[in-house]
Each structure stands twice: as C-alpha cells, then as structure tokens.
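Peer 1: The primary structure of each chain is shown beneath.
Number of protein chains: 2
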Amino acid sequence: MTIRTAVVGYGNIGKYAVEAILASPDLKLAGVVRRQAHKTPELADTPVVTDIDELGSVDVALVCTPTRSVPQYTAALLAKGVNTVDSYDIHGKLVDLRQELDQVARKHNTVAVISAGWDPGTDSLIRAIFSLMAPKGITYTNFGPGMSMGHSVAVRAVEGVDDAVSITVPVGTGIHRRLVYVQLAAGADFESVEQAIKADPYFINDQTEVYQVEDVSQLIDVGHGVAIERKGVSGRTSNQLFKYEMRINNPALTAQIMVACARASVKQKPGAYTMLEIPIIDYLAGDREALLRQLV
Amino acid sequence: MTIRTAVVGYGNIGKYAVEAILASPDLKLAGVVRRQAHKTPELADTPVVTDIDELGSVDVALVCTPTRSVPQYTAALLAKGVNTVDSYDIHGKLVDLRQELDQVARKHNTVAVISAGWDPGTDSLIRAIFSLMAPKGITYTNFGPGMSMGHSVAVRAVEGVDDAVSITVPVGTGIHRRLVYVQLAAGADFESVEQAIKADPYFINDQTEVYQVEDVSQLIDVGHGVAIERKGVSGRTSNQLFKYEMRINNPALTAQIMVACARASVKQKPGAYTMLEIPIIDYLAGDREALLRQLV
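Chains as they are written, first to last, in this note's numbering: chain E, 6 to 301; chain X, 6 to 301.
A few of these clues could be false.
Just so you know, same-sequence chains aren't split out, so a pair can sit in one copy or run between any two.
[What the hints assert, rightly or not] Only pairs whose alpha carbons sit at most 30 Å apart, straight line, appear in this in silico BS3-like list of lysine-lysine:
#, residue 1, residue 2
1, LYS274, LYS112
2, LYS20, LYS141
3, LYS272, LYS98
4, LYS248, LYS236
5, LYS33, LYS236
6, LYS141, LYS272
Simulated from the structure, these hints should not be mistaken for laboratory data.
All chains, full assembly: derive it from the sequences and hints.
Peer 2: Okay, structure coming up:
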C-alpha cells in the first residue's frame, strides 16, 4: 500500500516534510497546499495548489502551518475524510486539542495524530519509557543549544528590534540560559531594548543575556539538541540512572517524525492520538515480523 | 481496578518482582509459585505455593523461571486463563515464541507479553524510536560493564572451573570485551582452563581475558549498563545523532519492566505481544489524560 500524502503549509517544516515523504518507501507525495500556489524550483515536479481538493484522493495531510492555526486546519481536513498529522506544540493545550479532534475524527472515520514532533513527540515517548522503568524519581529535560522559535518571535516584537534570534542553552537539571542576539532598528537604543527583553514574560524567569549584532541572519543554524535525564527507583531499588541525548537538524527531524506518524495513522482506528497512544512498531515501514526480528 | 499478580519462579528476578509488585499502586501480590513451597523470611506475609491454582483468581503471572523453560510455563498459564509476562531473552527465537503463544492466548482469551525486560524490551523500544527518527543509518548497542548470565553459565561448564563470572565490557560500536574471573577446582590447571574458555563458542569471537581469583562471590555486583547510539538520516538530512545510556541494577529493572507489562496486559485484546506492539501509555499507572498532561 502506498500512502498518498499531502503537505499543508510550505514554511520551514513543510520543505523538509516534502523531502521526508520523497525519501520514504511507502509514502507518495500527493502535492503541496499553500496560500498562494506559486512554485519554487524544488517543487517543479510537484502539484502545488491552494485547496487540497485539487489533489484528488489524499490519505494523510501533514499540517505544517504555524502552530496556532493547526486546530482549525486539522479539523477541516479530518471532516473532508483526510487523516492528519500535526506538530502542535503548546504543551498546556494539547490534551484539549486531542479531545476536540477526537470527536471530529470519529465522526468522519479519520485519524488525527497530534503533537508529532520531538518535543512534544519522541521526547514524550522517552520520558514515558523512563517512568515505566523507574516510576519514582525526577526527570529533567534540558533543551539546546539551539534556536527557540517562540522566544525569537517574542524578541522580534520588542520595539526597536529589527531582527533577532534567541538561543536556548541548557544549564542542567531543566534550567536554561537564553542568549538573545538582536539587530537594532535605526535609532533604537540598545539598553532600552535589552531591558525590555529581560522584562518580557518569555525571559523574566531565565538568566538572559542580550547581545547586539550587525546581521542576525549570519547566526542562523537549525541544529538543536536535547538531554533528558532521570534518576529513579525500580521497585525498591534506588539509583537507577537513565540518559537520552540527541543533536539534530530540528526541522528535518520534525518532518521525519511527522512522516512516521502519517504511516501509523493508517493503522489506527478512527480518533485522535498522541504519539504515546500508538504502538511503536506502527511508526516503522516494512513487514511487522521482519521488523521484530531486527529490532527486538 | 487492582491487578492480582503472581510471581512464578523465585530466583534472582522473582525476588525483585515481588518488591516491584508491592511498590506498585495498582497491583496486588497474589502469591509466589515455586517448585518447593518453602518460605524465606521476606515472604512471611505472602502465600507461597507449588501450583498457581492454590492462589485463587490471578489476573497476571510474571514468569521468572530460567529463560529456556519460559515457553512451557507460559503456555500452561495462558491455557488456565491467566495473562503472562516473561522476559524471554533468546533474540533469535522470540518471534517464533510470539506466534506460538499468540495461538494459545487467543484460544483462551488471555494476553501474553513476551521478552519484557531491558534487552530485549525497553532497549528494543529505544532502537525502534531511533529508527523512526532517522530511518537510514546504523545503530550500535553497547552492553556493560556488567555480568553476563549466559557467558557466566558457559564458563562454569568448563572442566576445572569451580565458579566463575563473565563481565561484558563495551569497547564501542557494538564490539565487546569479555573479562572472565574463575575460581579453579582442586588440582585444575589455569592455562588449560583459560584456553578452553577462549575456544568456547560464547567467547571465540570476542577479545577475552581470563583471570584466576580466590573467591568469585566477592566480585558479584548486579549493576549493568547499556549505551545505544545511532547516527542517521532524517529525510535527506544526514548527521542526526542519538544516544541512550543507562546504569542500573539489572534484576530490579527487569522486574519493574515486567510489572509495567502486567499492567499493560490487562488493556490489550487477546494475543501475544512484544513491547513494541503496545502503546507506551498502557505501561503506566494512573489516569490516561493526567499522564498525557504530565508526559507529552
């Protein structure tokens, strides 16, 4: 079975999603849906449309829009009979989104996999595995070094900032330092900008350093990382130590995980799922028993 | 719901399984089944029997017998209407065991979770997650330092060996060194013993060092470790780096994982499962939505 997959939204993640679909043995790229149907050179052989209906039959849509518009796009696609995968990343709201989309998906006999990325996503799987191995204990998730999109956007909204990037640096035990690089607008005062950033709710609780640079674009590197650590208790035995670490291209990893979830979506019953609710084997391409022989 | 759980076999893992059940909020220890029903002091308050039927209704049995007798014990328990969890660890045969037990479990409306330990088991989950994040690439599993049961048993069978332990030491990239400590039988010749060990199929492919000691029991430490590494490709992006590492008490971790699988077993449809085939959330105690809020 070939899974006809569309990419909805063609920003940072969307571009890598196209690559990940083309690299997958069991998925076929149905096309790209974007607000204006203009083609960039790498999409020369790909249908680019403004409405998914123009792509014919689509099994799964990877929703690569900004996270705030995910609920709306996803619900509409599910109602059209298309499975969806999104990387919705607002931790506090995703359980509500799951409930909301579960209703829509069941009604329309479709499957939504939500928050399919690395955090939330595969990091969530790792945290859950650590918990099952040592139910009592503390898990620390340490992010970075790498760009934080949310924090960078918050800085760009500060008056006097022309462009900016915020780098998250792990200090350890779940504590982070923020390094903010700003390119000032003409006539702006660096000290005022620095104070405004440090007082922003995004930064006020973290150690924040602000630096002025000539050209923010020279600092952009989409590499990112995470280190998850747990020391806990198995049964009555303390000092069980676990660590997970990755150093990755951020949008490339997110897109690859979305592709794995597209594959898993066609194996689930109608409804909405987080990655924790799907058997791991369903994310992988290939024959089930061959995979078990290779991985178990 | 409280899951009435029995421990079958009271060796190294069985003792820790009792502790892990007692430490779990949602499991109740139904009793211990062993060949002789004698009680050790820590089992003062626990029913100890030679036949599981004497324990009344049991939901799940943790099969903690030697791995070679797992298939026989497990099939018999499933046929009695009891779910089973084992930590069968013969990698080459476990897919066949799964098929065999799947028939029995479906027929008797029960669930078997097989190869529930850390390798096979949680390490298999990690390897699969690494594969879904970067489908092309190489994964190395590095074991140790820690005792290898299989290798220690092989050395004890060598003529002239009174007692022995074999320690697995990771050299890196999936290559291991074996350190073998032997206590000689009276009159045995160390050099002959050393040569016999190095020629044994268990050791012939690895760098093996043999040492003579006075008392092997002074070296026993049930700590173990693993480091799993993958460098791979997400979509078309190379150099995606992943690493997982743990340092743990080996039987305590195995027992805790078996307890998690006992919990998961009551949430599955009849059949036999490896850990890869069960959603991760099912291994955890507590309310599903509360877990999602906490872990995702």
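Peer 1: Which of the numbered hints above does this structure break?
Peer 2: none
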